[in-house]
Amino acid sequence: MEVLDSIPVELDKDRVIQGLRLGDKGKQIENMVQELIYVALNTARPKAIYTVSYVNNKNGDSLEIDGIKFTSRVLRANLDQVERVFPYIATCGRELGETTVPSGDMLRAFCLHVIKGMILAVAIVYLSDHIRRRYALGHISHMNPGSLEDWPLAQQRELFSIFGNVEELIGVRLTKDYAMYPLQSVSGIYFPTEITFESCQLCPREKCIARRAQYDPHLARKYLGNT
Amino acid sequence: MESNLETISQAVIDGDDKQVVKLVKDTLTGGISAIDILEKGLVPGIRALGALFKDGEVYLAEILISTRAMNRGVGELQPHLAGVDIHRKGTVVLGTVEGDLHDIGKNLVGLMLGSNGFNVIDLGVDVSADSFVSAAREHNADIVAMSGLLTTTITYFPTVVKALEKVGLRSRVKVMIGGAPVTRQLADEIGAEGFAEDCASAVDEANRLMILKQGGL
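Protein sequence lines, in the order shown, are assigned to chains A and B.
Residue numbers for the first sequence follow the working numbering, beginning at 1148 and rising by one.
Residue numbers for the second sequence follow the working numbering, beginning at 29 and rising by one.
Possibly wrong hints are sitting among the right ones.
As a list, the in silico DSS-like pairs of lysine-lysine whose alpha-carbon atoms are at most 30 angstroms apart [what the hints assert, rightly or not]: (1) B/LYS190 <-> A/LYS1172; (2) A/LYS1172 <-> B/LYS50; (3) A/LYS1172 <-> B/LYS82; (4) A/LYS1172 <-> B/LYS53; (5) A/LYS1174 <-> B/LYS53; (6) A/LYS1174 <-> B/LYS82; (7) A/LYS1323 <-> B/LYS190; (8) B/LYS117 <-> A/LYS1354; (9) A/LYS1369 <-> A/LYS1216; (10) B/LYS82 <-> B/LYS194; (11) B/LYS82 <-> B/LYS50; (12) B/LYS190 <-> B/LYS241; (13) B/LYS82 <-> A/LYS1354; (14) A/LYS1174 <-> B/LYS50; (15) A/LYS1354 <-> A/LYS1160; (16) B/LYS190 <-> A/LYS1174; (17) A/LYS1160 <-> B/LYS82; (18) A/LYS1205 <-> A/LYS1323; (19) B/LYS46 <-> A/LYS1160; (20) B/LYS46 <-> A/LYS1172; (21) B/LYS194 <-> B/LYS117; (22) A/LYS1216 <-> A/LYS1323; (23) B/LYS117 <-> B/LYS82; (24) B/LYS194 <-> A/LYS1323; (25) B/LYS82 <-> B/LYS241.
Just the calculated beta-carbon pair ranges, DEER-fashion [unchecked claim]: (26) B/LYS194 <-> A/ARG1162: 44 to 52 angstroms; (27) B/ALA110 <-> A/GLU1182: 29 to 37 angstroms; (28) B/PRO186 <-> A/ARG1304: 16 to 24 angstroms; (29) B/ARG165 <-> A/ALA1268: 19 to 27 angstroms; (30) B/PRO186 <-> A/ARG1368: 27 to 35 angstroms; (31) A/PRO1155 <-> B/GLU67: 16 to 24 angstroms.
Since the hints were derived computationally from the structure, they do not count as laboratory data.
Using N, Cα and C, we set each Cβ at its ideal position, and we do this for glycine too.
Using the sequences provided together with the hints, build the complete structure.
Structural data, given as structure tokens:
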């Protein structure tokens, strides 16, 4: 198990404005964004934890990772030829996660929310690059419990159990309803693969702000059958 | 002066709070009533913005900038609105359900409903069924609007619906739900009359529910 807690963070004002889809809204808005970036850069301590785990007992729609059972037809299919995987949890960090703005200022709150998400993205990229380099992997992909109905959010409980006391290790708490706190945290499994896989390809939901790939009904049928 | 009202609407759409304030002041000075400036200048602006959002021409941050501009305009009107009976379409009790801490979407819905003539009672996040029921009773709610962003927390929606039934409030309120994993199908399954997939359609849906309510349906 390895904890990454010295993740370098850079935030470019223009990228943040682009992420907010603000366009040109004048100096006042630009200054507000710049101020929030300053706060974020001086506060954020994004972190990630991962471990090297082994897959066995592949059976039907289930498999075990380090002896812990996961049930997901899609995960099972993706790991069919895979023996070694990298479970992980990444976070923007409690320090930034607990940073708030004056109550009632929704614009500022929304901008900070987006910035926290961007810092989580920095942590995720750092983590995936680290895993790829450290283990000399080619292409890797990932899956996250809850991103598909096939792999329910509640399986975060099993994923967290691989690491032990995650709150102590990187400050991420899993609530009884399987929400992670700080909210800008993510859990999942990286795995080596020759194909480009994104769970979004199997998700028919329209108008999703977090969509990373186009829905592919043919691929969805291939993985999930005619459900 | 009528064209001033249109210019006020445009300034709201543009999110130009300084211009909104200036125009509101000028229009008041020009003799247009505060209620007309509100209902024919500011509110149409935010309504038009909602349509642009649904068409994908503006995004969330712009909604927030424009509602801020509108609120600055409303701030200028406040002293002139004292004692004026502002027609409220209805009262909405709004919250993110128990176990869920997500609030951005809920806040945007509250903002848009409030800007479009609803009285919004925002209960915050992690709201229990009992809290929804108490607030609905206390504020004589027309609509109970619930947000949930996790597949594990939207399971509390039926709990709130049952709690409203248990105290005899269910027939007096309409229930509306929303959030990332929420669908119209789920709304139908749990007996919620309304479903909204974003803050702009939440306004349309709330308007529709008020028509249903007023028609005794």
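Against the structure, the hints:
1. Distance hint between B/LYS190 and A/LYS1172 is unfulfilled; the C-alpha atoms sit about 46 angstroms from each other, more than 30 angstroms.
2. Our distance criterion of 30 angstroms between C-alpha atoms is met by A/LYS1172 and B/LYS50, whose separation comes to about 18 angstroms.
3. A C-alpha spacing of about 20 angstroms is found between A/LYS1172 and B/LYS82, which places the hinted pair at or below 30 angstroms, so the restraint holds.
4. At roughly 23 angstroms between alpha-carbon atoms, A/LYS1172 and B/LYS53 fall within 30 angstroms of each other, so this suggested pair holds.
5. For the given pair, A/LYS1174 sits about 23 angstroms from B/LYS53 by alpha-carbon distance, which is consistent with the 30 angstroms threshold.
6. With a C-alpha separation of about 27 angstroms, the suggested pair A/LYS1174 and B/LYS82 falls inside the 30 angstroms cut-off, and the hint holds.
7. A distance of roughly 22 angstroms separates the Cα atoms of A/LYS1323 and B/LYS190; the hinted pair therefore holds under the 30 angstroms criterion.
8. Of the pairs offered as hints, the one joining B/LYS117 and A/LYS1354 holds, with about 29 angstroms between alpha carbons and a cut-off of 30 angstroms not exceeded.
9. Of the pairs offered as hints, the one joining A/LYS1369 and A/LYS1216 holds, with about 23 angstroms between alpha carbons and a cut-off of 30 angstroms not exceeded.
10. For the hint pairing B/LYS82 with B/LYS194, the CA-to-CA distance comes to about 37 angstroms; that exceeds 30 angstroms, so the pair is violated.
11. Restraint check for B/LYS82 and B/LYS50: the C-alpha separation of about 29 angstroms stays at or below 30 angstroms, so the hint holds.
12. For a cut-off of 30 angstroms, the pair hint linking B/LYS190 to B/LYS241 stands: about 19 angstroms separates their Cα positions.
13. For the suggested pair B/LYS82 and A/LYS1354, the alpha carbons sit about 11 angstroms apart, so the restraint of at most 30 angstroms is met.
14. The hinted pair formed by A/LYS1174 and B/LYS50 meets the criterion: a straight-line CA distance of about 19 angstroms does not exceed 30 angstroms.
15. Of the supplied pair hints, the one linking A/LYS1354 and A/LYS1160 holds, its CA atoms being roughly 26 angstroms apart against a limit of 30 angstroms.
16. Straight-line distance between C-alpha atoms of B/LYS190 and A/LYS1174 comes to about 50 angstroms, which puts the hinted pair past the 30 angstroms bound.
17. Restraint check for A/LYS1160 and B/LYS82: satisfied, since their Cα atoms lie roughly 27 angstroms apart, inside the 30 angstroms limit.
18. A C-alpha spacing of about 28 angstroms is found between A/LYS1205 and A/LYS1323, which places the hinted pair at or below 30 angstroms, so the restraint holds.
19. Taking the CA atoms of B/LYS46 and A/LYS1160, the gap is near 24 angstroms; set against the 30 angstroms cutoff, the hint holds.
20. Under the criterion of a C-alpha separation no larger than 30 angstroms, the hint pairing B/LYS46 with A/LYS1172 is consistent with the structure, at around 13 angstroms.
21. Proximity of B/LYS194 to B/LYS117 is assessed by CA-CA distance (about 27 angstroms); at most 30 angstroms being required, the pair is judged to hold.
22. Only pairs whose Cα atoms come within 30 angstroms are accepted, and A/LYS1216 paired with A/LYS1323 is accepted, the gap being roughly 19 angstroms.
23. A C-alpha spacing of about 22 angstroms is found between B/LYS117 and B/LYS82, which places the hinted pair at or below 30 angstroms, so the restraint holds.
24. With a C-alpha separation of about 26 angstroms, the suggested pairing of B/LYS194 with A/LYS1323 holds against the 30 angstroms cut-off.
25. For the proposed pair B/LYS82 and B/LYS241, the alpha carbon gap of about 25 angstroms is at most 30 angstroms, so the pair holds.
26. Remark: the range hint 44 to 52 angstroms for B/LYS194 to A/ARG1162 is upheld by a beta-carbon distance near 50 angstroms.
27. Distance hint for B/ALA110 and A/GLU1182: a CB-CB separation of about 35 angstroms, consistent with the stated range 29 to 37 angstroms.
28. The hinted window of 16 to 24 angstroms between B/PRO186 and A/ARG1304 holds, with their beta carbons roughly 23 angstroms apart.
29. Here the CB-CB span from B/ARG165 to A/ALA1268 is close to 43 angstroms, at odds with the stated 19 to 27 angstroms.
30. For the pair B/PRO186 and A/ARG1368, the beta carbons lie near 31 angstroms from each other, so the given range of 27 to 35 angstroms is met.
31. For the pair A/PRO1155 and B/GLU67, the supplied restraint of 16 to 24 angstroms is violated, since their beta-carbon distance comes to about 52 angstroms.
Hints 1, 10, 16, 29, 31 from the list above are not met by this structure, while the remaining hints are.
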